[in-house]
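2 protein chains.
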Amino acid sequence: MAAMKKKNSQLCVGLDPRPEIGGPDALLDFCITIVEKTSDCCFCYKPNTQYILPLGFSEIKELNDLIHDKGCLSISDHKLSDIGSTNRAALSWLSSMGFDALTYSPFPGNIKETIETAAGYGMGVITLTLMSNPEADYFMKGVVQGVPGYEFIAQQVAAFKGLGAVVGATCNVEDINRLHAVLTHQLILSPGVGAQGGGLDIVRVFKERTMVNVSRDIITHENPSERARYYQILINSAVKEM
Amino acid sequence: MAAMKKKNSQLCVGLDPRPEIGGPDALLDFCITIVEKTSDCCFCYKPNTQYILPLGFSEIKELNDLIHDKGCLSISDHKLSDIGSTNRAALSWLSSMGFDALTYSPFPGNIKETIETAAGYGMGVITLTLMSNPEADYFMKGVVQGVPGYEFIAQQVAAFKGLGAVVGATCNVEDINRLHAVLTHQLILSPGVGAQGGGLDIVRVFKERTMVNVSRDIITHENPSERARYYQILINSAVKEM
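Those sequence lines, one after another, are chains A and B.
According to numbering that gives the first Met the number 0, the first sequence is numbered sequentially starting from 0.
According to numbering that gives the first Met the number 0, the second sequence is numbered sequentially starting from 0.
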């Protein structure tokens with residue numbers, strides 16, 4: 000919240016460099032260029048592990064150091080989906096690499112354990128709660144302990160004081176309102192605005208607790224800086240709407 | 000199946016080097032040493048992404064090249080949990096790094112898409128189906144399309160001709176039998192034998208289609224070679240039991 004206020008921005012830029020860009024050096028250069036061009040307009044970056052797979056420890060650390068130098072935070076879009084000592088290993092490495100938070104895919108359960116272990120490494124956990132691709136409904140809207148899966152996750156995230164929840168911007172407003180009733184103190188990381196067609200309902204509901212992720216429409220734009228500014232202003236306007 | 004026959008082994012050795020071992024060089028050295036010591040007794044290795052996070056492209060490629068030189072295969076225990084173009088990026092990199100297969104965490108659905116995309120990169124998908132930690136029951140035994148989650152996953156894996164399914168060795172035998180009725184042609188990757196207390200029921204049911212993963216009890220043993228031989232023989236005996 001402090002970083003958002005300082006930057007006057009709720010924009011998170013997703014660092015998803017396409018494999019076509021090249022090997023580790025080219026991917027790192029690409030990410031660095033995006034950070035240099037957009038850090039005035041956003042408060043946070045979200046490197047997706049799948050896109051930066053070829054980068055090693057020192058390259059990821061270099062990227063996160065730059066992000067912090069610009070006064071921004073770094074969320075690892077890792078979708079961690081293990082338990083126990085495996086998660087401890089991941090959290091230990093992600094923390095050493097300089098990430099401030101990570102995304103968790105709660106398919107194996109263990110939301111409480113992951114939040115507590117991450118806290119020991121000074122990291123926040125943002126748990127996948129509701130995605131908007133149709134097949135995500137199998138589990139996220141399946142019946143878990145008598146309630147829809149996404150509501151069960153939200154209850155656990157709230158009960159164990161998780162930092163946040165991932166909720167797709169293209170989800171319908173009824174589901175968003177239902178989550179708003181449960182997630183009373185969490186940050187909401189919302190991908191899908193822009194190229195994926197998502198609107199700003201999520202921002203109108205969660206207001207200053209929303210972290211809006213835009214990736215493709217900024218990082219592949221001919222002028223990433225101008226495009227990031229556009230989203231910064233768009234989001235700030237939506238927060239102020241009654 | 001060919002690699003298992005050639006090696007007369009259904010043992011997969013999980014490469015889970017603890018963070019305490021050191022930085023990227025120390026982790027790579029550790030994995031290489033384990034491969035050198037155990038490749039006579041197993042047909043496959045399973046590096047877990049969370050444990051080798053600090054390794055970059057060239058280090059992972061070096062490890063997989065060695066594994067192939069020894070006549071073995073390499074499964075990335077990646078628990079991929081994304082969709083669409085993000086999964087394509089991951090599959091492209093994992094394939095370039097030399098992995099033959101990967102694990103998929105089907106929380107976002109898209110099992111068919113992932114199997115088909117992976118096939119384009121020459122990789123097999125082994126889908127998380129039933130884990131044995133108690134909280135995995137929330138989703139894996141939740142109600143999805145009218146059936147328990149794990150059965151729904153197994154139906155999809157079978158329908159879309161996935162390479163395999165991950166089924167914990169510590170799962171109860173009723174669940175294992177239920178999966179056996181659905182997964183008529185898949186390989187079963189089964190972790191949990193050894194240090195995690197799992198028995199060999201899974202091998203007795205799925206016979207020569209079982210890939211038994213042992214990690215801790217081999218890689219932290221004072222004599223990894225001898226310990227791998229012990230498991231090779233133990234598993235081969237269980238396959239032959241009536």
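Source of the hints: derived by calculation from the structure; they are not laboratory data.
No experiment lies behind these values; they were computed from the predicted model shown.
Some clues are possibly wrong.
The calculated label-pair distances, taken between Cβ atoms and stated as ranges, are [what the hints assert, rightly or not]:
{"no.": "1", "chain 1": "B", "residue 1": "Thr183", "chain 2": "A", "residue 2": "Val238", "range": "50 to 56 Å"}
{"no.": "2", "chain 1": "B", "residue 1": "Lys5", "chain 2": "A", "residue 2": "Val172", "range": "53 to 59 Å"}
{"no.": "3", "chain 1": "B", "residue 1": "Pro23", "chain 2": "A", "residue 2": "Glu115", "range": "42 to 48 Å"}
{"no.": "4", "chain 1": "B", "residue 1": "Val172", "chain 2": "A", "residue 2": "Ala1", "range": "50 to 56 Å"}
{"no.": "5", "chain 1": "A", "residue 1": "Ala1", "chain 2": "B", "residue 2": "Gly198", "range": "47 to 53 Å"}
{"no.": "6", "chain 1": "A", "residue 1": "Ile232", "chain 2": "B", "residue 2": "Ala1", "range": "55 to 61 Å"}
{"no.": "7", "chain 1": "B", "residue 1": "Lys140", "chain 2": "A", "residue 2": "Ala1", "range": "38 to 44 Å"}
{"no.": "8", "chain 1": "B", "residue 1": "Asn176", "chain 2": "A", "residue 2": "Lys111", "range": "30 to 36 Å"}
Backbone N, C-alpha and C fix where the C-beta goes; we use that ideal spot for every residue, glycine too.
Now for the hints, and whether the structure bears them out:
Under the hint 50 to 56 Å, the C-beta atoms of Thr183/B and Val238/A, about 54 Å apart, fit the expected range. A beta carbon spacing of about 57 Å between Lys5/B and Val172/A agrees with the range 53 to 59 Å that was offered as a hint. At about 28 Å, the CB distance of Pro23/B to Glu115/A disagrees with the hint of 42 to 48 Å. About 53 Å separates the C-beta atoms of Val172/B and Ala1/A, a value consistent with the hinted range of 50 to 56 Å.
Against the hinted window of 47 to 53 Å, the Cβ-Cβ separation of Ala1/A and Gly198/B comes to about 52 Å, which satisfies the hint. A hinted range of 55 to 61 Å for the beta carbons of Ile232/A and Ala1/B is consistent with their spacing of about 59 Å. For the pair Lys140/B and Ala1/A, the supplied restraint of 38 to 44 Å holds, since their beta-carbon distance comes to about 41 Å. Between Asn176/B and Lys111/A the CB atoms are about 32 Å apart, so this pair conforms to the stated range of 30 to 36 Å.
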